[in-house]
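Visitor: Next come the chains, spelled out residue by residue.
2 protein chains.
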Amino acid sequence: MSTKNTFKPNWINEPPKKGSFRSIFKFGNPKGFKHPNDNLYQEIKSKFNLTDADFIEKTTTGNEPVEIKKESGLETHQIDKFIHISGKENVSPKEYERLKFSTGKTVEEALKLRAGKVDKISDLVVHPRNKSEISAIIKYCNQQKIPIYAYGGGSSVNFGYYPEKGGISLVLSTHLNKVVEFNEINQTATVEAGMMGPAFEHVLNNAPKLYGANHAFTCGHFPQSFEYSTVGGWFVTLGSGQQSSYYGDAADLVLGVEIITPVGEIITKDYPATSTGPKVLDIIKGSEGTLGIVVELTWKIFRHKPKNRQYFSFIFPNWEAAVHASREISQSEFGMPAVFRISDAEETHHGLKLYGIEDTIIDKLMKFRGFKPMERCLFLGTADGDKRFARNIKSSVKKICKKYGAMNLTSYPVRKWEPGRYKDPYLREDLMDYGIIMDTLETSVKWDNLHKVHKMCRDYVKSRPATICMTHASHFYEQGTNLYFIFIIKENDMQAYLDFHKGLIDQIEKSGGSLSHHHGVGRMIAQWMPQHLGENQMNVIRALKKHFDPNNIMNPGSQLGLEEPC
Amino acid sequence: MSTKNTFKPNWINEPPKKGSFRSIFKFGNPKGFKHPNDNLYQEIKSKFNLTDADFIEKTTTGNEPVEIKKESGLETHQIDKFIHISGKENVSPKEYERLKFSTGKTVEEALKLRAGKVDKISDLVVHPRNKSEISAIIKYCNQQKIPIYAYGGGSSVNFGYYPEKGGISLVLSTHLNKVVEFNEINQTATVEAGMMGPAFEHVLNNAPKLYGANHAFTCGHFPQSFEYSTVGGWFVTLGSGQQSSYYGDAADLVLGVEIITPVGEIITKDYPATSTGPKVLDIIKGSEGTLGIVVELTWKIFRHKPKNRQYFSFIFPNWEAAVHASREISQSEFGMPAVFRISDAEETHHGLKLYGIEDTIIDKLMKFRGFKPMERCLFLGTADGDKRFARNIKSSVKKICKKYGAMNLTSYPVRKWEPGRYKDPYLREDLMDYGIIMDTLETSVKWDNLHKVHKMCRDYVKSRPATICMTHASHFYEQGTNLYFIFIIKENDMQAYLDFHKGLIDQIEKSGGSLSHHHGVGRMIAQWMPQHLGENQMNVIRALKKHFDPNNIMNPGSQLGLEEPC
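If you read the protein sequences in the order shown, they are chains L and H.
Going by our numbering, the first sequence opens with residue 764, and the numbers climb by one from there.
Going by our numbering, the second sequence opens with residue 764, and the numbers climb by one from there.
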């Protein structure tokens, strides 16, 4: 230990400068940071053949001020109309604002903004105060053929509201952020689409105080972007949370919606089930702003019983064993764990570093028992629900893991993982400051295709010299799961990064994975859609688009693969 | 007991005469019967003020031969084309066949056929041998503008394939009735749409022998029509089985489908979840043959562990208590019972007679403990899945039922109910032979609206002098349940019955219930659809219809409310 290098890169620990590019592309809380710990830093240096010297000078920071000039494409009388509808204080023609609400959280956008490059931005930012303003805005935009790009929490990783055709950025989170109706009898909460995760969860957790409810409640949906995404966004992009194996994916959690479209408003029925033909509610799932604006959602809520939560972690000798056990757990019908994730060997290797388990007594015991680094695979889990139900899951999981050769790591690793689970994206900025790119792509698989998809994608990433490729599965179903790939490369050339990224999407598609399990389509994977779904299915989506939005004003362009990419 | 009347009506116990109307409208197995037991018979006499004398002569039997003459609307060259596609033995222009495959199981159809009245029948019956024949048939019909009405098991209770506009009856169950792929790893079975419930379940139960599987499996879907309905029918009508509270509704159980439509074929992706835009799979749910013909389905299967099944029954002091307990069970997150049904006071009254519990020691004990007839409410349940999981459900249910004042009736009543659960529809023929109509309507409700819907519908039925009105809830969700109304009336006038029936649908709609929980729409409730869903939602379904079926050949007419009723 005494020989250990004591150099530490000067990771940025200050909020981005006001008005800077960094203030736009930085993930999450401006004051939020998660710097690579020393283990990870050493690993990265060794992987990319770097020395401390490479971490003295930053490549880019993006802390330069946004000083672009872009004329708005809207005419003055049009801007006046939006001011008339939503008030002067809720309309902004300023370039900084227009860039901010046109930008998501892709690596590509961060790379460009770090270089001071700005592509298209919207012509105007509008923050509607309520749903009748949204109705008026859609009506007006439909008349004037002004495109509308809805912005929720801004966490899109696929250019989900990139203003390809100009028009307005419609920001839903500024004002449409309240619970409209709390119904304990039905266990539902009707919520405005722009409400952010923590605010929603706070209301539900405090239902006894706020509504005199008999129970506290939870929304059950905790994506990594939880703190910076909206309830409406979760639904229209088909999101999935870290406890989805138990609670279900976002779309499963919505009973009914109110949507405003160019051809009128629809409030879907919110029966728990009904057999009255194809459901408009289902059609809106995954529509990603192309059919209309979802303004309210009736969400299924669950009793909040944190004291019932069970924690468990295991280490498996290898990936095959971890997958076997996971399938057995998923198909055994004793109820599903809430958090349920298995990491492949390389992710386990880095995860043990990140969660501070490397070199602990647990690590030593693992090694002693023959669980080898770069072979062993970590399993993290929790169980929610009724106490005896949750305990039975834990003991059933334990039995299955043992059967497949796992060692019980106690609850320690998952408890170490839990508090930091929304923080990993913060690592990205630190690395990119030194020209290192960390990015993710994800897919869904059936059990019988999991290994093929995993191998083909990993082989592809690893075929590039010096890459880190970590994979986990974290959303389980009886019939399969997802695969989430995190890769880290050293790359300064934008096009080289883009080509590499594109190649991985190709591999996902070729190996038989879905184009996305829960990130949605946006514009990033749009060009793969026709070959993935087939022209006949694309034509169905196009027919819906034409019906709902005959003037093509709702998130127009290549979104979802509806038009050729620009 | 010695004073008890020993007269028994001469219930028909013979299969319908060959070629008779009765052979068409009789439910289920021609040799299957469930006659009213003495308790029920006495009750009916007293309710309708009848004597044994009224049960000597039958009002109608429908055992007369079908001797109608209806020219086929198709031209000879068209019929030849179908013969060319599917073979002579699979095409029939005979009136009896055309009537048979145009007829469902509504009371209205039975009443008409008993009177020898025949409305529209299709022009030709075709039994395609495989999906490529279906593809050829749809292509040809689309060219020639010949309507296609798909017939699965024939159990529709809403005129779901009534050939309003002539054309062909396409019978799917004759040849498309096999499991195409059994996949134990993914726990799926890909099955042809025309496979009947028992055949499908038989294959799954025998997977170890048939496929060398490690486990036996079950399909998890057991509607009352199980023995006489098809897998494809379950899906396209949004059916629900008697164990749906645990396994899910039919549409939840399908991962992917292959559908042939006038604008081409679609095979949807069968990932367990994916975020690639609105899903065509979802759109086909509930499409009831109006968009195309589903030819194959990939069905989620479950491990078959009958030995794990737990049985339990309770009696509650009243309906309110039974509903309270059911809600608590549904929202407590210890897992859902599989069979889960509560009967209101009147259904309990008759149910205890039907299941042979009246006057047993259990009945005496109930009365002694103060559970009064026409107030007390029966709860029947089972739990499936992993053994400890199922046991925990049983003990948790027990605790909640006790809390709401219920008495434990042991497993006896549910075990008495189980073997006869597909048999109740057989009662209908016996009663109708003497001019007594037994019919059902059903709806879904949210918890906070359950009592209003129940009361308004019951009040309506009971406002007609001398009616029996039994209600149960048997499909439970965290957010609500269904209500299933069974009414029995003495009525010889067809129009009076139809008006009464229509009035009950009105009440369901007015009280805020859905138009249907799992019977589907068909043509019977089509006229309520626009006001129920609103024109904007209807227009979405119409836009889909127009896209998939531009020449309006798929189940054309008022189905789903797409066109004005004829």
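Hints may contain errors.
Where chains are identical, the list cannot tell them apart; a pair therefore holds if satisfied intra-copy or between any two copies.
Stated by the list, open to error - In silico lysine-lysine, DSS-like type, Cα no more than 25 Å apart, as pairs:
#, residue 1, residue 2
1, 1253, 875
2, 1253, 928
3, 908, 797
4, 1068, 1165
5, 1032, 1309
6, 875, 821
7, 1215, 1032
8, 880, 941
9, 1068, 1166
10, 1161, 1186
11, 808, 1253
12, 1179, 1068
13, 771, 1068
14, 928, 810
15, 1116, 780
16, 832, 844
17, 1161, 972
18, 1032, 1265
19, 832, 1116
20, 1162, 902
21, 894, 908
22, 928, 875
23, 1161, 1070
24, 894, 875
25, 894, 883
26, 1032, 1218
Calculated from the structure, these hints are not laboratory results.
Visitor: If a hint holds in the structure, say so; if it doesn't, say that too.
Guide: Evaluated hints:
Taking identical chains as interchangeable, the C-alpha atoms of residue 1253 and residue 875 lie at most 25 Å apart only when both belong to the same chain, with a minimum of 16 Å there against 78 Å between chains. When the C-alpha separation of residue 1253 and residue 928 is checked against a cutoff of 25 Å, the pair qualifies neither within a copy, at 33 Å, nor between copies, at 67 Å. Neither within a single protomer nor between protomers do residue 908 and residue 797 lie at most 25 Å apart by alpha-carbon distance, with minima of 44 Å and 65 Å respectively. Proximity of residue 1068 to residue 1165 under the C-alpha cut-off of 25 Å is restricted to the inter-copy arrangement: shortest distance 23 Å between copies versus 28 Å within a copy.
In this assembly of identical chains, residue 1032 and residue 1309 lie within 25 Å of each other by CA distance both inside one copy and across copies; the values are 23 Å within and 23 Å between. Within a single copy, residue 875 and residue 821 get their C-alpha atoms as close as 16 Å, which meets the 25 Å cut-off; across copies the closest is 85 Å, which misses it. For a Cα distance limit of 25 Å, the shortest separation of residue 1215 from residue 1032 across copies, 17 Å, qualifies, whereas the shortest one inside one copy, 41 Å, does not. In the homo-oligomer, the alpha carbons of residue 880 and residue 941 never lie at most 25 Å apart, since the shortest distance is 36 Å inside one protomer and 59 Å across protomers.
Taking CA atoms no more than 25 Å apart as the test, residue 1068 paired with residue 1166 passes between copies only; the shortest distance there is 21 Å, against 30 Å inside one copy. Proximity of residue 1161 to residue 1186 under the C-alpha cut-off of 25 Å is found in neither arrangement, the shortest distances being 28 Å within a copy and 43 Å between copies. Taking the shortest alpha-carbon separations for residue 808 and residue 1253, only the intra-copy value of 10 Å comes in at or below 25 Å, while the best inter-copy value is 87 Å. Taking CA atoms no more than 25 Å apart as the test, residue 1179 paired with residue 1068 passes inside one copy only; the shortest distance there is 20 Å, against 38 Å between copies.
Within a single copy, residue 771 and residue 1068 get their C-alpha atoms no closer than 41 Å, and across copies no closer than 58 Å, so neither meets the 25 Å cut-off. Proximity of residue 928 to residue 810 under the C-alpha cut-off of 25 Å is found in neither arrangement, the shortest distances being 42 Å within a copy and 71 Å between copies. In this assembly of identical chains, the alpha carbons of residue 1116 and residue 780 never lie at most 25 Å apart, being 31 Å within a copy and 79 Å across copies at closest. For the identical chains of this complex, residue 832 and residue 844 are intra-copy neighbours only, at 23 Å inside a copy versus 69 Å across copies, given an alpha-carbon limit of 25 Å.
Taking the closest pair of Cα atoms, residue 1161 and residue 972 never come within 25 Å of each other, the shortest separation being 38 Å inside a single copy and 31 Å across copies. For the identical chains of this complex, residue 1032 and residue 1265 are inter-copy neighbours only, at 22 Å across copies versus 41 Å inside a copy, given an alpha-carbon limit of 25 Å. For the homomeric pair residue 832 and residue 1116, neither the shortest alpha-carbon distance inside one copy (45 Å) nor that between copies (83 Å) is at most 25 Å. Taking the closest pair of Cα atoms, residue 1162 and residue 902 never come within 25 Å of each other, the shortest separation being 59 Å inside a single copy and 55 Å across copies.
Proximity of residue 894 to residue 908 under the C-alpha cut-off of 25 Å is restricted to the intra-copy arrangement: shortest distance 20 Å within a copy versus 45 Å between copies. For a Cα distance limit of 25 Å, the shortest separation of residue 928 from residue 875 inside one copy, 19 Å, qualifies, whereas the shortest one across copies, 61 Å, does not. In this assembly of identical chains, residue 1161 and residue 1070 lie within 25 Å of each other by CA distance both inside one copy and across copies; the values are 20 Å within and 23 Å between. Proximity of residue 894 and residue 875 under a CA criterion of 25 Å is satisfied in neither setting, with 35 Å inside one chain copy and 52 Å between copies.
Taking the closest pair of Cα atoms, residue 894 and residue 883 never come within 25 Å of each other, the shortest separation being 27 Å inside a single copy and 49 Å across copies. Within a single copy, residue 1032 and residue 1218 get their C-alpha atoms only as close as 44 Å, which misses the 25 Å cut-off; across copies the closest is 21 Å, which meets it.
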